[in-house]
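Here is how the chains run, residue by residue.
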Amino acid sequence: MFSYSRRTLLKTGAAFAGASALGFPAIVRAQATRIKIGHLVPLTGFLGAIGSYAQLGVKLAAEEINQSGGIMAKQIDLISEDSVNPATASTKAQRMIEQDGAVVLLGEISSASSLTIMQVAERNKKVFFSTGARSDALRGKNCNRYSFHCDIPNTVMVNAVGTALNQKGMVKGKKFFTLTADYIFGHDLLKAAKTFFDANGATLAGDELIATDVTDFSPYLLKVRQAKPDVVCCNLAGNQVTNLVKQYAEFGFPYPLVGFNLNTGDAWAAGEGNLSGTWPTVWYHTLDNPASKAFVAAFTQKYGKPPENHAWIEYITLKLLAQAINEIKSTESDALIAHFEKQTEFDIMKARKGYFRSWDHQLVQEAYPFTVKPKAEMKDKWDMLLLGDAVPVAAEPLEKIYPTKTQNPCEMKA
Amino acid sequence: MQFAFLLEQVVNGLVLGGYYLLIALGLSLIFSVGGVVNLAHGAFFALGAYVSVEITKYLGFGSAVVLSPIAVAMLGILFERYILRRFYTADPILSLLVTFGLAMVAEQAIRIIWGAPPISAAIPPALRGSVLAGDFLFSRYRLLILAVVIGVLVGVWLLLHKTSFGRVVRAGIQRPDMVAALGIRLQPYMTAIVMLGVGMAALAGAFFAPITIVQPAMGADIITVAFVVVVIGGLGSFWGVVIAALLVGVVRGITIHFEPAAGEASMYVLMFVVLLVRPRGLLGERIEKFE
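Protein sequences appear in the order of chains V and D. Here our numbering is used: position 112 in the first sequence is 112, and no number is missing along the way. Here our numbering is used: position 43 in the second sequence is 1043, and no number is missing along the way.
It is worth saying that the hints were derived from the structure and are not from the lab. Worth double-checking, as some hints may not be accurate.
[To be verified] Here are the simulated DSS-like pairs of lysine-lysine, each with C-alpha atoms no more than 25 Å apart in a straight line:
1) Lys381(V) <-> Lys1057(D)
2) Lys1057(D) <-> Lys375(V)
3) Lys168(V) <-> Lys293(V)
4) Lys125(V) <-> Lys329(V)
Throw the hints in and build the complete structure from the sequences for me.
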């Protein structure tokens, strides 16, 4: 019927693997009378699912801003692309600034990709809002003057969940087993977790570093059982959280599963009855304040489902950026940095306003621990989380749960 | 204790290998008979998962794992009749390109129909939890999957070795020209093989939807593993694929036991070593058309 060599086949197979790793660039239009804003977020890979929410959020914000007159009377031209991986993210960021003429960049969820975009921003002296990356190191030893950080850092997530666990007596004297994502984010989160365990009398019975392409956790779950911990703790990210949660429910271990990182999208994907335990979140669509409700209504109307926390963070970031540019009437990096370093407060759809801390450019804001709602109390399939009290409690300053200057020092070169 | 634990990992790896097998066996069959590396095979796996989640909503999990593979196998008929058939005798580059393109189309189609965010799926409550056999721990659900895999395996083996259908298919793998000379048209057999192959992929998807994330790119993630298994096992060999799938699962389990960081790389190292020592794969037959 046919004849060809096995070697040809292997070669073409390799070529296919190479081509699929590169991704496909989007076509970009050039228009000088518009303000160009570059947006990068993973749309493929283990963070792709939550990245897709981020893209919906930023598009909605751009549309609304354009409808209400744009920025400095110019329409926004949003260039939003898949960041793919750290190397591609950096290449695309450079291209967006150099060739497309983006005046400012925002986006990203992966801490590793965010780090490379931060370096591009610094080299080109353009401001970058890292919206979804959570590694402490980005705010600390890797910090730079041109980068701002919108999501809560790892230390805050650990503190949010830790506070709730402490109240339930699940920390002191307990043995923890952690499953940690093997890249900058996970390493960083494990460090924050260890600090918390040490400070609160818990011990670490074991830790497994897990490559980001692992989808089957059964060998690791056997290791967990071998260690017989009191609590199992998930330090993973993206799809891996969902996979672990599903397989943990499958094996039905008696040790409670908690986690220091979770995005609502991963929880929604877990499936009925699979998620349990205590986790942190930065925002949820049931938060009861007027701005949040208006956003949820607009988003749901447009997309037919409620926004996830990455949709929210992209939305508020572009909105507060537009507001800032309109106020200072400039897109110059120095003017923008000076404006945000004044610690101007913004409504970020929470009970308390947020502000960028001047010395490390962290958006200081409340966070929430949550547990899972019993099925009978859920209003719809999105209504899964039962938010605990905001941390820190209302009487305390917001910065209490954030790393201090000594814990996570940041030296910004001028 | 340490040894028992290692043994537990080996057994767990065998179970995982069984799952790789469901996908790889179809890929291998389609390749052996048609000479086409079906890069769209993962898409049928993903479709199997999505369709079974939909069916579960209305008819329950039991019906879903039966109906979803059947529905996808029907789609396989169209796939074979209108696309694959044109490429059996063409340059393999063309069939690689067309199936790769089709995989992307299928992934985008899933995005359009079901949306980019993952959809949720769960194991029926009765199948949750683990079973202890001595000191060995098994997930009850995975034992069920293992039983299904063994059943499918026996079925496919009987089909290939004990029926006249199987005799023609095996002859077609070895000597398509001779089969043609005897006046037998291979095309209807090829349609059946593609149906069987993509049906098995869909079955794997249906069973794995409740324990892995169901998202549009899930097919692209699994095709690489399946391809590696087929290459290690050797072309045209039923048992080669079986052994390779189990081996990949076991090697991964053992590697994670000793050196977790190398766990996902282990199967590529295994493929590398096997190809160095035995370029045609573990049990690959010397097939003239591939030499």
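Structure-based check of all given hints:
Taking the CA atoms of Lys381(V) and Lys1057(D), the gap is about 13 Å. The hint holds against a cut of 25 Å. The straight-line distance between the Cα atoms of Lys1057(D) and Lys375(V) is roughly 16 Å, inside the 25 Å bound, and the hint therefore holds. Restraint check: the Cα-Cα separation between Lys168(V) and Lys293(V) comes to about 31 Å, which exceeds 25 Å; the hinted pair is violated. Taking the CA atoms of Lys125(V) and Lys329(V), the gap is near 18 Å; set against the 25 Å cutoff, the hint holds.
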